[in-house]
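So the sequences go chain by chain: D and Z.
In terms of the working numbering, the first sequence opens at residue 1165 and continues consecutively.
In terms of the working numbering, the second sequence opens at residue 1165 and continues consecutively.
Just so you know, the hints here were simulated from the structure itself, not pulled from any lab data.
Note that the coordinates shown come from a computational prediction; the quantities given were computed from them, not determined experimentally.
We treat Cβ as the ideally placed atom computed from N, Cα and C, and that holds for glycine.
Please note that the accuracy of each hint is not assured.
Some but not every residue of chain D turned toward chain Z, in silico, with C-beta under 7 Å [to be verified]:
no.: 1; residue: Met1176
no.: 2; residue: Pro1178
no.: 3; residue: Val1181
no.: 4; residue: Gly1198
no.: 5; residue: Ser1203
no.: 6; residue: Gln1236
no.: 7; residue: Gly1238
no.: 8; residue: Gly1363
no.: 9; residue: Pro1382
no.: 10; residue: Pro1401
no.: 11; residue: Asp1483
Far from chain Z, some chain D residues (derived; all Cβ distances over 12 Å) [unchecked claim]:
no.: 12; residue: Pro1174
no.: 13; residue: Glu1201
no.: 14; residue: Ala1214
no.: 15; residue: Glu1286
no.: 16; residue: Asp1290
no.: 17; residue: Arg1321
no.: 18; residue: Val1345
no.: 19; residue: Leu1434
no.: 20; residue: Leu1439
no.: 21; residue: Ser1453
no.: 22; residue: Asp1475
no.: 23; residue: Gly1480
no.: 24; residue: Lys1515
These stretches of chain D come out as covered by chain Z in the derived footprint (C-beta under 8 Å, 3 or more residues) [as the list claims (entries may be wrong)]:
no.: 25; segment: 1183-1195
no.: 26; segment: 1385-1398
no.: 27; segment: 1403-1414
Spelled out from the first residue to the last, the chains are:
There are 2 protein chains.
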Amino acid sequence: MAVYNFSAGPAMLPKKVMEKAQAEFCNYQNSECGVMELSHRGKLYAPIIARAEANVRELMNISDDYAVLFVQGGASMQFCMLAMNLLNGNTADYAETGVWSNKAAKEAKLFGNVNICCSSKETKYDHIPAFDTWNLSDNAAYLHITSNNTVAGTQYRTFPKSNAPLIADMSSDIMSRVINVNDFGMIYAGAQKNLGPSGFALVIIRKDLMERVAATVPTMLKYTTYAENESMFNTPPTYAVYMLALVTDYFKEVGGIAAMEKVNDAKAKLLYDYLDSTSFYTTPVQKDSRSRMNVVFRTPSEELDAKFVADAKACGLTDLKGHRLVGGCRASIYNAMPIEGVQALIEFMKKFEKEA
Amino acid sequence: MAVYNFSAGPAMLPKKVMEKAQAEFCNYQNSECGVMELSHRGKLYAPIIARAEANVRELMNISDDYAVLFVQGGASMQFCMLAMNLLNGNTADYAETGVWSNKAAKEAKLFGNVNICCSSKETKYDHIPAFDTWNLSDNAAYLHITSNNTVAGTQYRTFPKSNAPLIADMSSDIMSRVINVNDFGMIYAGAQKNLGPSGFALVIIRKDLMERVAATVPTMLKYTTYAENESMFNTPPTYAVYMLALVTDYFKEVGGIAAMEKVNDAKAKLLYDYLDSTSFYTTPVQKDSRSRMNVVFRTPSEELDAKFVADAKACGLTDLKGHRLVGGCRASIYNAMPIEGVQALIEFMKKFEKEA
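Produce the entire structure from the sequences given, and follow the hints as far as they go.
In structure tokens:
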């Protein structure tokens, strides 16, 4: 039975990547050692981390004005780290569009003032507030957004303009669509959705912003430490970075981000078109804010939601349960989910509706 | 050709563990998903992280007075995190026995006062200073030691007594010998030497010490966050923890830490006995401080050191170069290095001496 894993993350990886990693797991390039056994300072490993960075730069068209860093701790560590490095007692604007943007704002409060410049909390985060309603601070240190909200199932279609550097948590839609990195001061993303296994965050930061980093920030929490040492001040998460190298090799092979975006659009359109065609399933998300990565929906009752998740699993469609904070169902359809997975899901949904 | 990898870390892992991980890499327990693709909140992954913790507790005989945590960032992140959590502007004693203990002390200075209570710096860290010469503070918040010094090749045979909680960086000798965890306030270790791949630190902390953690510490840097959420407040480094579960399964299978210590002692004795029997190779480390994990030595010249490392590599004995800060040669012989590897190294050393 073909299995399609709709987990919100850690999530499925491209089959071809998994098979390549398996094949060389114990014996990388005839060294009789696995990649995870290699010294990070050795001749075999150095090209791997260099390739991961080069691939990221090429795929996202990143200029030399930006540093590309691999930092352990996931996006949650970035919530405090970015404020620790870039806020310095000043005020930052935070757009409140869901659970994760709230967590980011909470950590920033430890290092300065936070202005919640907009919020969709009152309507349960069912949309991205229109930019012309945002209440931006004068002289904000930065403006923080969450480009895709994994729990609520919303996503920015365009990005706000502001005088302050724009900082985006792109954990759940990085490399899923073409963006202009130059529009951002910093982009960060936990790896475990579109990029590879869990265990690090990708950080893309405009180099001039690092001038703000104070000497009192601990070494491992300073962006400058990573930038000055090619993310090798200490031992990086070598195997996770190797997987990133393989995943980004694959992205290049299949045509880069633009090609991926096309497939992602097609997958999302299939699923939303189906949802719009039936009244059995409903989605709480406003149309113009719908995420192309995390599609949230409900059946007519909580009991049926639970039965849907269980029956789907029995048919090889796994991890369709909504986030524990909101319930319902959720299909995460990141880069690695083939369109066949979405087609199989829709077939199952039709059958489930008929039999319910 | 059999290859023995003497890397100081990331280091070789038990062959059996690598083969098991490879076999189920793409299909864990018939799920058609690899472990790195599994949701950390799912039914398949939860038992893995629970088993990793249970194995650590069983192998090290850890009581319920201690929390066992998995924290991203390696030991270097612990240098600041422990001070951020436990120092609070007070004074801590740091034993200066090498590069890594210095780095730990440096980060602590950001959060309080550091008293260097002893140092072997003047003799290039060639020994662990005798405890009766240590200048301990009254009312220190804690006493910090580095139980094994990877670069200098020294190791504590016994541990100092102090009124303050003893905190040990055991990155390079954790689980290599039987210790009494109750003698310590906290133990931490980067995983990539004896425990698994790089990407996290194991932290074992006496629960009462966590009462010191201030509310102003960022969420991801608080030990309490990990303790209250079984290291799953956010997505843990799922694959690295899975490897820890496999490695510790293996340790249990082969008789636990006592059995491992016996083999480690035998391996180290073989190598040091040989070093003592020849004047071609020398080791700068004082006899009673010799590390059983990292055996440092030199040939008569830097040129021969380089030739030794290159020729050994050609014979399948890899990564014998000393740390870039000190030069020379180094054989790291952690738990996963079989005694056959040490025997092969000695045979090579004899041959190299004869031909030099």
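A quick look at each hint next to the structure:
Of the supplied interface hints, the one on Met1176 of chain D holds, with its beta-carbon coming within about 5 Å of a beta-carbon of chain Z, less than 7 Å. The closest approach between the C-beta of Pro1178 of chain D and any C-beta of chain Z is roughly 10 Å, which is over the 7 Å cut-off, so the hint fails. Among the interface hints, the one on Val1181 of chain D is violated; its C-beta lies about 10 Å from the nearest C-beta in chain Z, farther than the 7 Å criterion. Interface hint status for Gly1198 of chain D: upheld, as the beta-carbon distance to the closest one in chain Z is roughly 6 Å, under 7 Å.
Of the supplied interface hints, the one on Ser1203 of chain D holds, with its beta-carbon coming within about 4 Å of a beta-carbon of chain Z, less than 7 Å. Look at Gln1236 of chain D: its Cβ gets to within about 4 Å of chain Z, closer than 7 Å, so that hint holds up. Given the 7 Å rule on beta carbons, the hint for Gly1238 of chain D holds: about 5 Å separates it from the nearest Cβ of chain Z. Given the 7 Å rule on beta carbons, the hint for Gly1363 of chain D holds: about 4 Å separates it from the nearest Cβ of chain Z.
For Pro1382 of chain D, the interface hint holds, the least distance from its beta-carbon to any beta-carbon of chain Z being 3 Å, beneath 7 Å. With its C-beta approaching chain Z no nearer than about 4 Å, Pro1401 of chain D sits inside the 7 Å limit, and its interface hint holds. Contact between Asp1483 of chain D and chain Z, as hinted, is supported at the beta carbon level, the nearest pair being about 6 Å apart and thus within 7 Å. Look at Pro1174 of chain D: its CB is around 6 Å from the nearest CB on chain Z, not clear of 12 Å, so calling it non-interface is violated.
For Glu1201 of chain D, the non-interface assignment is contradicted: its Cβ lies about 5 Å from the closest Cβ of chain Z, within the 12 Å cut-off. At the 12 Å boundary, the C-beta of Ala1214 of chain D stays outside the reach of chain Z, the nearest C-beta of that chain being 17 Å off. Its beta-carbon lying about 25 Å from the closest one in chain Z, Glu1286 of chain D satisfies the requirement of being farther than 12 Å from that chain. With a least beta-carbon separation of about 24 Å from chain Z, Asp1290 of chain D lies farther than 12 Å from that chain, consistent with its non-interface assignment.
The claim that Arg1321 of chain D is not at the interface with chain Z holds, since no C-beta of that chain comes within 12 Å of its own (minimum 27 Å). No Cβ of chain Z comes within 12 Å of the Cβ of Val1345 of chain D; the nearest lies about 25 Å off, and the non-interface call holds. Distance check for Leu1434 of chain D against chain Z: the nearest CB is about 22 Å away, which clears 12 Å, and the non-interface claim stands. Distance check on Leu1439 of chain D: its Cβ is at least 23 Å (rounded) from any Cβ of chain Z, clearing the 12 Å threshold; non-interface status holds.
Distance check on Ser1453 of chain D: its Cβ is at least 25 Å (rounded) from any Cβ of chain Z, clearing the 12 Å threshold; non-interface status holds. Residue-level check passed: Asp1475 of chain D sits 16 Å from the nearest beta carbon of chain Z, beyond 12 Å. In this structure Gly1480 of chain D is not separated from chain Z by more than 12 Å, as the shortest Cβ-Cβ distance comes to only about 7 Å. For Lys1515 of chain D, the shortest C-beta to C-beta distance to chain Z comes to about 21 Å, beyond the 12 Å cut-off, and the non-interface label holds.
Check on the segment 1183-1195 of chain D: 6 of its residues sit with their Cβ under 8 Å from a Cβ of chain Z, so the three-residue criterion for coverage holds. Only residues whose C-beta sits within less than 8 Å of a C-beta in chain Z count toward coverage, and the segment 1385-1398 of chain D has 3 of them, enough to reach three; the restraint holds. Restraint check on the segment 1403-1414 of chain D versus chain Z: 3 residues with Cβ-Cβ distances below 8 Å, three needed, restraint holds.
Figure legend: structure checked against the earlier numbered hints; hints not met, in rising order: 2, 3, 12, 13, 23.
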